[in-house]
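A.B. asks: If you want the building blocks of each chain, they are given just below.
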Amino acid sequence: MMSRFRNLVGALVLGAAAALSPAPAKAAGAAIAFPDYRFTFDGLFGTFDRGQLQRGFQVYKEVCAACHAMRQLSYRNLLEIGLTEAQVRNIAAQFEVTDGPNDQGEMFQRPARLSDRFRSPFANEQAARAANNGAYPPDLSVMVKARKDGADYVRALLIGYQDPPAGFALMDGMNYNAYFPGHQIAMPNVLNPGQVEFADGTEATVETMARDVTAFLAWAAEPELEQRRAMGVRIILFLIVLGGLTYAVKRKIWADVKH
Amino acid sequence: MAIGLHQSDFKNPVVRWIDSRLPVFTMMQKEYGTFPTPRNFNYFWNFGALAMVNLLIMIATGVFLSMHYTAHTAYAFDSVERIMRDVNYGWLLRYVHMNGASMFFIVVYIHIWRGLWYGSYKAPREILWILGVVIFLLMMATAFMGYVLPWGQMSFWGATVITNLFSAIPVFGESIVVWLWGGFSVDNPTLNRFFSLHYLLPFVIVGVVFLHVAALHITGSNNPLGIDPKGPQDTLPFHPYYTIKDSVGLIVYFAFFAFLVFFIPNYLGHPDNYIPANPLVTPAHIVPEWYFLPFYAVLRAVPDKLGGVVLMFGSIAILFILPWLDTSPVRSMRFRPVAKWFLVLWGINFCVLTWVGAKPAEGVYVTIARFATAYYFAYFLVILPLLGRLERPLALPESIAKPVLRGGGPLLAGAAAKPMEKA
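If you read the sequences in order, they're chains Z and L.
Per our numbering, the first sequence starts with residue 3, numbered consecutively.
Per our numbering, the second sequence starts with residue 803, numbered consecutively.
Chain Z on its own, in the form it takes in the complex (with noise of 0.2 Å):
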């Protein structure tokens, strides 16, 4: 137990030590600086722009979900992202799902309904690293929460592949990204011009379907983000009234005591 503990307060200073110093150790999560970009939800105010979120999920469908999972969604959330039911009824229905057992006791499959997960593209992890060289694909459900400055990062990470500057040993299977920590990362560039095909006529760079399924991301993390900002506003606004009324009563009742 003496050594465990040690060694849990070793990794625990070496990863801090990585993790914080200020020039080198680029081996273990260093602190790489990554653009910041304005999205349409930064600052306190900030909205999603329902386009944007539409395209995003157009990303994450055709590409991304090829290994990545969502399991925190329903289909039912996309009504929220400004697609019909009828729409989302049809994504849903692409979908085969296992339910079940039956009255037969078996499992079977069926289209998906609004009701439902997003479907996972791998029955476990075990899968998923089997089916990606051993690399597991993390679910994206919370994913910009779980990254500091989250929305940034993803968005460089999904533009950050560039060739190695020479000299940098790539270890086998793994690929070079600018804003990755350590730079080595197992998941390939996925995203090339023209890889899918907006519905709105935007035009499929890197730069902007990297900066749609973003945005997605971002508000499968927190979809009441909107719903909160304007209550908080609300709020604020009425503590700001009352703060100012409550003050003045306790004024009026001080009044005739010398203080």
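Careful: at least some of the hints might be erroneous.
As the list claims (entries may be wrong) - The calculated DMTMM-like cross-link candidates involving lysine to aspartate or glutamate, where the alpha carbons are at most 20 Å apart (straight line), are: (1) Z:K63 to Z:E87; (2) Z:K260 to L:E1200; (3) L:K1142 to L:E1164; (4) L:K1161 to L:D1106; (5) Z:K63 to Z:D118; (6) Z:K150 to Z:D38; (7) Z:K63 to Z:D202; (8) Z:K260 to L:D1030; (9) L:K1204 to Z:E87.
Hints are computed from structural coordinates only; laboratory data are not their basis.
Keep in mind that this is a model prediction, so the values were computed, not measured.
On the provided structure of chain Z, position chain L as indicated by the hints.
C.D. replies: Relative to the frame of chain Z, chain L by itself:
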């Protein structure tokens, strides 16, 4: 007291009927209505009431969250996400509860600072102070276990690091850790018992808060001058003077709280806790929640594990004996020209510990943490006991009313009794 019905002063027949059998109305009137309270409180005296409100908010939101939470390693993370997405206003409940923990510590740290600055821990308020330290310890245990419940990476690894501290206990340490875990690592039994205790401890806190308030109502409140009220000219009835003054503070508190909850709900948290717990992957940087950082800094400042654990617990335990370490009879730092600068330095030092607790334990940070830890203890163990003898305090005012009224006497009694008459 003679056996028989209580002689109630209430006119309303229903209230009177109840009050003569169970004098709760008389008690409330005595303790929160006419309760004589020093007239010179500043806004630092809001923070006890704020802490009480915060505790109630935590219990109310917590009870509803627990209706939707699943204390199982396989479901805990997803059940929290389900609260965030599918429970009506679940995101609000959770963000209020999550940021409420931070607000509770902000409020309580200011409340403790108030006690240190104005000497509220000194006779006759020693037990009142000690009960406060007990509440603080219970809060820390509750907050720690609450942070484990969402079962993210920081939940799991924070629980692992902190429970492992007990393995520093000689001989029995490792058995104690296995007993705490209910197994050989932090796992489902650990999560289950943490959930149970996280639900239990707040009610223990309520009990100790009751005693804290009961003790307060025996000694009466301290005040910014640190001298005892000499008579009615020095006090005001709690209601309406301090109910309204507390209300002003409460609204400022709510506004600050609301800003956190509605605009930056994850600012004080750690992104890693949105990654489901994984015993096979250690996060690069395990840090506790911000309110534990000063004590975490003390822990890491010591090269020896047992020594670090002892000092960390000692940094809180020392507060228990503070009433006897500070030998000066003068309570308020307003009249202690030397001690007040050492206490200001102690406050800055506490912030330095918080800052350095978030830094890696290496290089200059270790040195800073050691100096800060040394000063933290030196203030209590060396400076305060010595200053009690060496310092020459300023002259204390004759009474609370005197400096405010500039020689005035008990004129004020009329104004105090009928506050709104002229309004």
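A.B. asks: State for each hint whether it applies.
C.D. replies: Hints and how they fare:
1. Straight-line distance between C-alpha atoms of K63 (chain Z) and E87 (chain Z) comes to about 17 Å, which keeps the hinted pair within the 20 Å bound.
2. Restraint check: the Cα-Cα separation between K260 (chain Z) and E1200 (chain L) comes to about 17 Å, which is no more than 20 Å; the hinted pair holds.
3. With a C-alpha separation of about 32 Å, the suggested pairing of K1142 (chain L) with E1164 (chain L) is violated against the 20 Å cut-off.
4. Note on K1161 (chain L) and D1106 (chain L): the hinted pairing holds, with a Cα-Cα distance of about 19 Å set against a maximum of 20 Å.
5. Distance hint between K63 (chain Z) and D118 (chain Z) is fulfilled; the C-alpha atoms sit about 16 Å from each other, no more than 20 Å.
6. Only pairs whose Cα atoms come within 20 Å are accepted, and K150 (chain Z) paired with D38 (chain Z) is accepted, the gap being roughly 12 Å.
7. With a CA separation close to 17 Å, the supplied pair K63 (chain Z) and D202 (chain Z) stays within the 20 Å bound.
8. At roughly 19 Å between alpha-carbon atoms, K260 (chain Z) and D1030 (chain L) fall within 20 Å of each other, so this suggested pair holds.
9. Only pairs whose Cα atoms come within 20 Å are accepted, and K1204 (chain L) paired with E87 (chain Z) is rejected, the gap being roughly 74 Å.
In terms of the numbered hints stated before, the structure departs from hints 3 and 9, listed from lowest to highest.
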